[in-house]
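Here the structure of chain A is known, so what remains is to put chain B in place on it, guided by the hints.
Protein chains: 2
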Amino acid sequence: MEKTATDTVKLALEEVKPFASAALKRAGCDEVNADAVAECIFQAERHGAHSHGLFRMPGYLASLKSGKVNGKASPKITTSKPAVLSVDGDGGYAPLAHQYMAKPLADLAKSQGVALGSLTNTFHFAALWQEVELLARQGVAAFACTSFKPALPPAGGTKPLYGTNPVAFAWPRENAEPMVFDQASAVMARGEVMIAAREGHTLPDGVGIGPDGKPTNDPNEVLKGAMLPYGGYKGASIALMVELLAGALIGEQMSYEAAANDNNDGGPPRGGEFILALAPNGNASLKSAEGLFSQILVQEGTRLPGDGRRMKCAKVSENGIEIPQSLFETINSK
Amino acid sequence: MEKTATDTVKLALEEVKPFASAALKRAGCDEVNADAVAECIFQAERHGAHSHGLFRMPGYLASLKSGKVNGKASPKITTSKPAVLSVDGDGGYAPLAHQYMAKPLADLAKSQGVALGSLTNTFHFAALWQEVELLARQGVAAFACTSFKPALPPAGGTKPLYGTNPVAFAWPRENAEPMVFDQASAVMARGEVMIAAREGHTLPDGVGIGPDGKPTNDPNEVLKGAMLPYGGYKGASIALMVELLAGALIGEQMSYEAAANDNNDGGPPRGGEFILALAPNGNASLKSAEGLFSQILVQEGTRLPGDGRRMKCAKVSENGIEIPQSLFETINSK
Numbered sequence: 040m041e042k043t044a045t046d047t048v049k050l051a052l053e054e055v056k057p058f059a060s061a062a063l064k065r066a067g068c069d070e071v072n073a074d075a076v077a078e079c080i081f082q083a084e085r086h087g088a089h090s091h092g093l094f095r096m097p098g099y100l101a102s103l104k105s106g107k108v109n110g111k112a113s114p115k116i117t118t119s120k121p122a123v124l125s126v127d128g129d130g131g132y133a134p135l136a137h138q139y140m141a142k143p144l145a146d147l148a149k150s151q152g153v154a155l156g157s158l159t160n161t162f163h164f165a166a167l168w169q170e171v172e173l174l175a176r177q178g179v180a181a182f183a184c185t186s187f188k189p190a191l192p193p194a195g196g197t198k199p200l201y202g203t204n205p206v207a208f209a210w211p212r213e214n215a216e217p218m219v220f221d222q223a224s225a226v227m228a229r230g231e232v233m234i235a236a237r238e239g240h241t242l243p244d245g246v247g248i249g250p251d252g253k254p255t256n257d258p259n260e261v262l263k264g265a266m267l268p269y270g271g272y273k274g275a276s277i278a279l280m281v282e283l284l285a286g287a288l289i290g291e292q293m294s295y296e297a298a299a300n301d302n303n304d305g306g307p308p309r310g311g312e313f314i315l316a317l318a319p320n321g322n323a324s325l326k327s328a329e330g331l332f333s334q335i336l337v338q339e340g341t342r343l344p345g346d347g348r349r350m351k352c353a354k355v356s357e358n359g360i361e362i363p364q365s366l367f368e369t370i371n372s373k
Numbered sequence: 040m041e042k043t044a045t046d047t048v049k050l051a052l053e054e055v056k057p058f059a060s061a062a063l064k065r066a067g068c069d070e071v072n073a074d075a076v077a078e079c080i081f082q083a084e085r086h087g088a089h090s091h092g093l094f095r096m097p098g099y100l101a102s103l104k105s106g107k108v109n110g111k112a113s114p115k116i117t118t119s120k121p122a123v124l125s126v127d128g129d130g131g132y133a134p135l136a137h138q139y140m141a142k143p144l145a146d147l148a149k150s151q152g153v154a155l156g157s158l159t160n161t162f163h164f165a166a167l168w169q170e171v172e173l174l175a176r177q178g179v180a181a182f183a184c185t186s187f188k189p190a191l192p193p194a195g196g197t198k199p200l201y202g203t204n205p206v207a208f209a210w211p212r213e214n215a216e217p218m219v220f221d222q223a224s225a226v227m228a229r230g231e232v233m234i235a236a237r238e239g240h241t242l243p244d245g246v247g248i249g250p251d252g253k254p255t256n257d258p259n260e261v262l263k264g265a266m267l268p269y270g271g272y273k274g275a276s277i278a279l280m281v282e283l284l285a286g287a288l289i290g291e292q293m294s295y296e297a298a299a300n301d302n303n304d305g306g307p308p309r310g311g312e313f314i315l316a317l318a319p320n321g322n323a324s325l326k327s328a329e330g331l332f333s334q335i336l337v338q339e340g341t342r343l344p345g346d347g348r349r350m351k352c353a354k355v356s357e358n359g360i361e362i363p364q365s366l367f368e369t370i371n372s373k
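Chains as they are written, first to last, in the working numbering: chain A, 40 to 373; chain B, 40 to 373.
In isolation and in its complexed conformation, chain A is listed as follows (with noise of 0.2 Å):
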């Protein structure tokens, strides 16, 4: 690692890992739950997702120190019924979660058709895309969403209720890298508003809104007041069934019972994750899937979803990641 000039710390690609992994262990993490959130947070800065790569970290190592967040979970799993495999995440972060059920969820699908990932007793705080391509690299479609803490209004209305919500969808692909998309309910990613608010710059139109319940570009204001659903209305509406698949339905908190429940160490609150894996038709799905991403390709100005953030890798390896010199001595501390 090395200092540069704008009190910033740069670090190879390789270093990510292990500088991660070390900082989660001295907050409390035993090695497996310290090596499956380092993954995620180094899948991030290979993949150029710098909002939720080591920026999260102060978030993480916060809940831990709390006691919040369990640095020791041991996910459970269990067939609550016979195409739903229920995983209670043991008050831990839900990569490793994550890792363990890929294979037994894939293969529920695999002899069901669908199953239904029902995880519970979790804090979420990476991007989602990662669950959904491990899940398509097992070969099945795979769709996920989780809430968080009110950032968005219902339609009509100006206060936060909805989380950011995201949305991921994988689709397996035989000879080449899943098709993924991972998308917030909101204009733009929370990470990213934050990064913004923390770098000074203004945000475009449309992204948010005061608490005043007027539209403002200040990343501080929207922080304070709401962020705006993308689409009006239709991106509300996708915020509001995530609050249902990865709250109600599941049996955990929504995003305002989240926020009322949660200590506000900086770190995400506890919630559930909804995580659906259905099985494709075989080699005529795939064969049929790729039809239609040839359509796509024959296009000037298109790509699939998910080989933008593949294509930052390359470029991410070459050239290593920097930091704030500040956020380098956060994660560095004891």
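Since the hints were derived computationally from the structure, they do not count as laboratory data. Be aware that one or more of the hints could be misleading.
The list cannot tell twin chains apart, which means a pair is met if one copy fits it or any two copies do.
[Claimed, not checked] Mimicking DSBU-like on lysine-lysine, the simulated pairs with C-alpha atoms at most 35 Å apart in a straight line are: (1) K120 to K142; (2) K198 to K354; (3) K149 to K326; (4) K111 to K326; (5) K107 to K326; (6) K326 to K263; (7) K188 to K326; (8) K188 to K107; (9) K198 to K326; (10) K326 to K253; (11) K115 to K149; (12) K263 to K56.
Frame of chain A; chain B shown alone:
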């Protein structure tokens, strides 16, 4: 029925279903198929959703008369995998299949936890809120989506590839009508653009592009060019997911294939529908959802999805509906 000064015909609401049913039977439907489609048209008109009401009848009739659609369809239900109900629509319109599958699909979801209704070999020309609402009345949450013919470009492109690809979701409530949303992946439903074209109205900004790939407010140009997804690339992701779920996954045509194989008689192309039913976790789930609904309604200016539509029923019931004379005659002709 009464002819008005501006070349329209007024119908009492009670006249809608028999009027539609008689026309469907003249065009070749048997009693049960005619009744199922006519009930859908009646429900659409009753809820003020005129773009899915009698306005669709010429399309329904044309596809019966051309022989593309089987007016005497007898949908066949099999359980291909333990949590999958495979419904072969027998080349008929979808509403009868929806009636047949609602209870067995809900029952399967209750026993398995989750169940997929895979509807193939069918022709879908109605609004999806009707089938998800049927399921919610059986006590399950439901998600449905279907493709059509290319209308939306993929993200980054300018040529139609995805259908307007609606997504609908319903949640059951104990002492109230189900919470239901049903939204096209396009900014505006195709039916609305067709009505604007018919009535000579211009479209708001952002609804579509012309055949030259440039924004336009002319509905006729948009019908020749492309409609735009809501929320930019995020709505395009939803539309892409719908193609894969209602096409590649269940073994049916996607929009671009449906268009290539259609006889362009004015009715819908053959396609599939992905219908997911999810069993809530008993009363706890329902109570939890009511908590969220209260939080929505406490904000000024809000209402639950589906309630806006229902609020129109009383007025439509009192005033009846008015359709163009030419539409009346098309439906009324031999």
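Do the hints match the structure? See the list:
1. K120 to K142: both (18 Å within a copy, 19 Å between copies)
2. K198 to K354: between (40 Å within a copy, 32 Å between copies)
3. K149 to K326: Classified as both; 18 Å inside a copy, 33 Å across copies.
4. K111 to K326: between (43 Å within a copy, 33 Å between copies)
5. K107 to K326: Classified as between: cross-chain Cα gap 27 Å, same-chain 46 Å, threshold 35 Å.
6. K326 to K263: So K326 and K263 pass the 35 Å test across copies only (30 Å; inside, 48 Å).
7. K188 to K326: between (40 Å within a copy, 20 Å between copies)
8. K188 to K107: Within one copy, since 16 Å is at most 35 Å while 50 Å is not.
9. K198 to K326: This pair counts as between: shortest inter-copy Cα distance 22 Å, intra-copy 46 Å.
10. K326 to K253: between (48 Å within a copy, 33 Å between copies)
11. K115 to K149: Classified as both: same-chain Cα gap 21 Å, cross-chain 23 Å, threshold 35 Å.
12. K263 to K56: Within. Shortest intra-copy distance 33 Å satisfies the 35 Å Cα cut-off; inter-copy 52 Å does not.
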